[in-house]
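**Student:** Given these sequences and hints, build the entire structure.
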Amino acid sequence: MVLAGVGVVLLAILVFLAFDGPQKFFTLFAAGIALGAVYALVCLGFVVIYRATGIVNFAQVGMVVFGAFVTYNAVYTWGWNFWLSMLFSAAVLAVIGIGFERFALRRMTGKPIFSIILLTIGLYLLLQSLIGAIWTNAKDTIPNPWIGKTVSLGSVNILQVDVVTMVLGAAVLASFFALFRYTKVGLGMRATAIDQEAALAQGISVPGIVALSWAIAGAVAVIAGTMLGSGATPKVGLGLGISAVALQALPAMVIGGLDSPIGAVIGGLVIGVAYEMAVGYQTQYIPSLGTSGFADVLPYLLMVLVLLIRPSGLFGTRDVQRV
Amino acid sequence: MASTLAPPPAADATDPPNRSVLEARARREIRLFPTPSYWVGAAVLLALYLVLPLVLSDLWANVLVLAGITAIGGLGLNLLTGYAGQASLGTAAFVGIGAFTASYLGRATDVNNGLGQPFVVYLIAAILVGAAVGFLVGLPALRLRGSYLVIVTLGFLFVTTYVLTQWKTVSNGNLGAPMPVGVQIGSIDFTSFDVFGMRDTPLGRNQGLFYLVWIFVAITALLVKNIVRSRPGRALQAVRDRDVAAEIVGVSLFRYKVGAFVVSSAIGAMAGVFYGLYIQYLTPNQQSIGLTLSVQFLAVIIVGGIGTVYGTVVGAVIIGGLPTIINEFSNHIPYLTASTVSAFQGIVFALLLVVTLLLEPWGFAGAVRRFKTRKLRRTMVPGSAGSTGATTG
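Protein chains in written order, with the working numbering: chain A, 1 to 323; chain B, 1001 to 1393.
Keep in mind that the hints were calculated from the coordinates and are not lab data. Certain hints may be false.
Covered stretches of chain A (chain B as the covering partner; in silico rule of three or more C-beta atoms under 8 Å from a C-beta of chain B) [as the list claims (entries may be wrong)]:
| id | region |
| --- | --- |
| 1 | 102-111 |
| 2 | 117-123 |
| 3 | 129-143 |
| 4 | 147-155 |
| 5 | 239-251 |
| 6 | 281-295 |
Each residue gets a CB set at the ideal place from its N, CA and C atoms; glycine is no exception.
**Tutor:** Shown next, in the form of structure tokens:
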């Protein structure tokens, strides 16, 4: 009930803003959906790992940034085609992800969750430091066909790169859900998330499923990172600012529920739109909150709000305490 | 385990003496100085404390000051994470809160509207503010566990840097604010330290801060050690190992979970005061008080040994000293140019954290414990080797 109330209030705010100035609103809304697609992709990476292993994988943040730089390397240094570069980068990051699982995370089975999370933070910092060592003079964006171009829908202007992000995000998410829902591998993933031992007993290769989860996480990280590095909203460009954006997918994940793929998408979209609205309207309507920076903490404030009402997120499995 | 195969001892005659032996050992276990060698160790540390600033160069005194500050924050975090089992990424937030409280209260009245208060006042104020904020952060921790708590404390960190940036009276906004210049307790000025006029020229700022910081390391270590070796410490560990069960046997979760946050945050804010004095000028952003700084404190307790007091201090010296050591020897490391030194420092730091977690999860203290156990086993008769090693915790 409380949740529905909060939802109605938020929707009412959106409707008010839409009537107040449609052009500005829909420009921001489109940017928000594009950002939401990025969040949803990063979030999906978090969620598949969480389902397979029960940990929040901070290395995902590092994989997003690293993926962006690998794509950049292929496009700029080697002069490859943009899409080919992205595919190559996805393959590289899938291998890195599987390597992380095989040589680091698997050895931590049975250790305290805190230690495992800290290990993933270590891997995140490792990837981020490697970027500083490998790409010392990187340009500030990945060369791409859509730089500076916009699409006009009536009076609403949308960045072309944002449109690509939305389409790509939708396609990738749709194919993930098809895999998840209709294939044997997807069934294996769902079974593994529910009970690893029972899944093993049914002949599902749990190590295979875990490896696949890491590969998927690596691949979606690359798509999110590459689009951010190509100048998609919020226009951080190619740099460590990408990791700040990727970190904001964490509250999106909590809002959706840690173990829910559909929650990842919805949480991502909510956070994406909320972020853009805050960027566009906060200084105008609530100037007392300062000239900048509020949008960056809004995802966390929304997360705390949702946690107060529903401790396991909107779509997450409820946690049962056992002695 | 050979001992488990042996027939059970007769219960009648042997029981009372065995019990008294056990009790005596348990009491020795929790003593501050269980064996005479600990007194020797303490004396050596005291001698080092007195002599080091007199012989160290500015650079290395500076490194040890940073190590001491890291040790203070690490001790607080170890109480929270190592003993109470509450994983937190919020340490840097408390460091920031402590530093800016000190800055606002301590900087001169003509510098960004400071209040010009002396060291003792802003130190105590920072500790109190840290404790109060820690109480507020501790409340949600009652309902959140594991991954959720990590993410929420990360959110708290981001919100703190945002609030500090916006609160221009205190932080001077994005520009940041200078820290108090003088550090005086009574008539002792730690920025040009010269007790009893024994030296021709007073010691430098770094050396004076060394004396100041490490006395607080000792106080904090003693405080944390006394908490963990007594009743509250056992309650905290019960909460860590199984909080629902702990509550059933009568441990108040509210009191100990929130209490751990309060004490740990107060210590974190205290570390923040010294951190501010150390770097002298602080900007409230993610680069200076952000995720990386929080992880640094976590790395301290992991590398040193989670759930040990002396390990934290060792870990702090390693983590605090590492960047400078790399910097000093960067000429001798091939392929390292001036532009990649900081990236290399990051790589070494991350690898140290990852490798420790993978190979020696109990850190330095764990390695020491294993070494001792092995030595003990070698000197004992083969038959009873297995049963004694694991008892010392």
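**Student:** Against each hint, give a clear statement of whether it holds in the structure.
**Tutor:** Comparing the hints with the structure gives:
{"no.": "1", "hint": "102-111", "verdict": "holds (count 4)"}
{"no.": "2", "hint": "117-123", "verdict": "holds (count 6)"}
{"no.": "3", "hint": "129-143", "verdict": "holds (count 6)"}
{"no.": "4", "hint": "147-155", "verdict": "violated (count 0)"}
{"no.": "5", "hint": "239-251", "verdict": "holds (count 4)"}
{"no.": "6", "hint": "281-295", "verdict": "holds (count 4)"}
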